[in-house]
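2 protein chains.
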Amino acid sequence: MILIGERINGLFKDVRKAIQEKDPKPIQELAIKQAEAGAHYLDVNTGPAVDNPAEVMDWLVEVVQEVVDIPLSIDAAKMDAIEAGLKVHKNGRPIINSTTAEAKMLERALTLTKEYNALLIGLAMNEKGVPKDANSRCAIAMEIIAVADEFGIPTSDLFIDPLILPVGVAQDHAPEVLETISQIKTLADPPPKTVIGLSNVSQKAKHRELINRIFLVMSMGVGLDAAIVDVNDKDLMDAMATAKILLNQEIYAESYLEMSRR
Amino acid sequence: MILIGERINGLFKDVRKAIQEKDPKPIQELAIKQAEAGAHYLDVNTGPAVDNPAEVMDWLVEVVQEVVDIPLSIDAAKMDAIEAGLKVHKNGRPIINSTTAEAKMLERALTLTKEYNALLIGLAMNEKGVPKDANSRCAIAMEIIAVADEFGIPTSDLFIDPLILPVGVAQDHAPEVLETISQIKTLADPPPKTVIGLSNVSQKAKHRELINRIFLVMSMGVGLDAAIVDVNDKDLMDAMATAKILLNQEIYAESYLEMSRR
Chain A
4 MILIGERING LFKDVRKAIQ EKDPKPIQEL AIKQAEAGAH YLDVNTGPAV DNPAEVMDWL
64 VEVVQEVVDI PLSIDAAKMD AIEAGLKVHK NGRPIINSTT AEAKMLERAL TLTKEYNALL
124 IGLAMNEKGV PKDANSRCAI AMEIIAVADE FGIPTSDLFI DPLILPVGVA QDHAPEVLET
184 ISQIKTLADP PPKTVIGLSN VSQKAKHREL INRIFLVMSM GVGLDAAIVD VNDKDLMDAM
244 ATAKILLNQE IYAESYLEMS RR
Chain B
4 MILIGERING LFKDVRKAIQ EKDPKPIQEL AIKQAEAGAH YLDVNTGPAV DNPAEVMDWL
64 VEVVQEVVDI PLSIDAAKMD AIEAGLKVHK NGRPIINSTT AEAKMLERAL TLTKEYNALL
124 IGLAMNEKGV PKDANSRCAI AMEIIAVADE FGIPTSDLFI DPLILPVGVA QDHAPEVLET
184 ISQIKTLADP PPKTVIGLSN VSQKAKHREL INRIFLVMSM GVGLDAAIVD VNDKDLMDAM
244 ATAKILLNQE IYAESYLEMS RR
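Top line first, the protein sequences correspond to chains A and B.
Yeah, the first sequence ends on 265 if you go by this note's numbering, and it's all consecutive.
Yeah, the second sequence ends on 265 if you go by this note's numbering, and it's all consecutive.
Bound conformation, chain A alone (with noise of 0.2 angstroms):
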């Protein structure tokens, strides 16, 4: 499992408040402690109430990879904050997150991502919105993977996020989401990568922490390769590395739990 640290973000309100007095140190604290529990890569969103996303995003990357070396998920729904991230970004190759398939923004996706030579996440939506049933969904996948082939860009650096809505909005969409995830590996070949934003899928719950892993275990188990999550959420962690041993992608031990905890 490829784990994405989630919390630099500006919909946060301790980032937020970094973020609007410029001040480093809560948002390098955030990136250390993530990079400790485990994080392979940090997601790294300036938040929606910013004025100069671009500028915010250069600033962003800049302190996070004063303290840590792993490299970012570099994520804004604008692309000009998106390619201003990766300008900067120093530690290996990033992902950008992220694109629909709606052909300009993929375009534009596809050619920073060759030029940066960065991975990308495709979102499973396009003009039209988020489809509900998996078949809607793969279709939309197969297009990002047919455009992005077009680019040259191999389908093993793409991840494509089929958009786990919040369960109390769109509970029908969860089980198609996660027979999109197990479809997708049939797309092509060798097959892109899935990942999902796994704390929507509980936003507004009242038990959201119990949520966000029960759908992590059941993602991981149709496939999921990889996860935007809160790597300090100790409970979520251990999930995985349960699930982990029982799909035989760690070898088990008695002690497995404790060797898995940093």
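Hints in this document: simulated from the structure, not taken from any laboratory.
Note that this is a predicted model, so its numbers are computed, not measured.
Please note: incorrect hints may appear among the correct ones.
The list treats identical chains as interchangeable, and a pair is accepted whether it falls inside one copy or across any two copies.
[To be verified] Listed next, the in silico DSS-like pairs over lysine-lysine satisfying Cα-Cα at most 27 angstroms (straight line):
#1 107 x 16
#2 247 x 237
#3 131 x 90
#4 237 x 131
#5 207 x 237
#6 247 x 188
#7 188 x 135
#8 247 x 131
#9 237 x 209
#10 247 x 16
#11 135 x 20
#12 20 x 107
#13 131 x 28
#14 93 x 28
Starting from the known structure of chain A, fit chain B onto it as the hints suggest.
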């Protein structure tokens, strides 16, 4: 999810003692406790340490039926002991637990299934043992389905148990069991049900409850219909309730977890 309570089994010390002393009280307490926790069936197994399994099974079924009115899963290695339980069973349709695909045993089990209007658990094993890969497990399941059909037993009255082995003994079996659960649904229309004896996955492991819980959730994610479990394990029941929500099998409400707890 069909829940079969695992606790009335001579492998547990308290049950073994109660059987030896012919003391119905501890067994009846376990029966009530499991029924109250939401078990749909109660598994009843004399354990291996009795000289007269048929006689003990007769007694066990009688004492359990004095206090609960849910049907039982009559669980024994010998068909004579199972038949003794079936003879006195009166709470609806019992489950015969279980037969392998070995011809003589399977025929006897199917004869009893018909005679007592029972449901039947067929194990994905034959005289050669438990195969590792999903395809071989499914081939054995298919044999059971075919012979059951010759006996006029509807496929929907069959439960196939792919046989999960302890992760510490046969870790590479676990993903094959998940694959088997998923494939079994394609073997017939209507498909047989699938069932696992959950606790087996964690035998002799250190983090038993966590391993049980994670394997149950992954199995549900690929289509599991039933499980023999500790229905009094609250964390397991919470995990199951959450999985049902995420599989859209129960309608989500903010208080789903509280509503699922009895």
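Checked hints:
1. 107 x 16: neither (33 angstroms within a copy, 68 angstroms between copies)
2. 247 x 237: both (15 angstroms within a copy, 23 angstroms between copies)
3. 131 x 90: For residue 131 and residue 90, neither the intra-copy (31 angstroms) nor the inter-copy (62 angstroms) Cα distance is at most 27 angstroms.
4. 237 x 131: neither (38 angstroms within a copy, 43 angstroms between copies)
5. 207 x 237: This pair counts as both: shortest intra-copy Cα distance 21 angstroms, inter-copy 24 angstroms.
6. 247 x 188: For residue 247 and residue 188, the Cα distance is within 27 angstroms both inside one copy (18 angstroms) and across copies (25 angstroms).
7. 188 x 135: both (19 angstroms within a copy, 23 angstroms between copies)
8. 247 x 131: Answer is neither: 36 angstroms inside a copy and 30 angstroms across each miss the 27 angstroms cutoff.
9. 237 x 209: The answer is both: 18 angstroms in one copy and 18 angstroms across copies each meet 27 angstroms.
10. 247 x 16: Neither, since 33 angstroms and 32 angstroms both go past 27 angstroms.
11. 135 x 20: neither (36 angstroms within a copy, 55 angstroms between copies)
12. 20 x 107: neither (33 angstroms within a copy, 73 angstroms between copies)
13. 131 x 28: neither (41 angstroms within a copy, 64 angstroms between copies)
14. 93 x 28: within (20 angstroms within a copy, 70 angstroms between copies)
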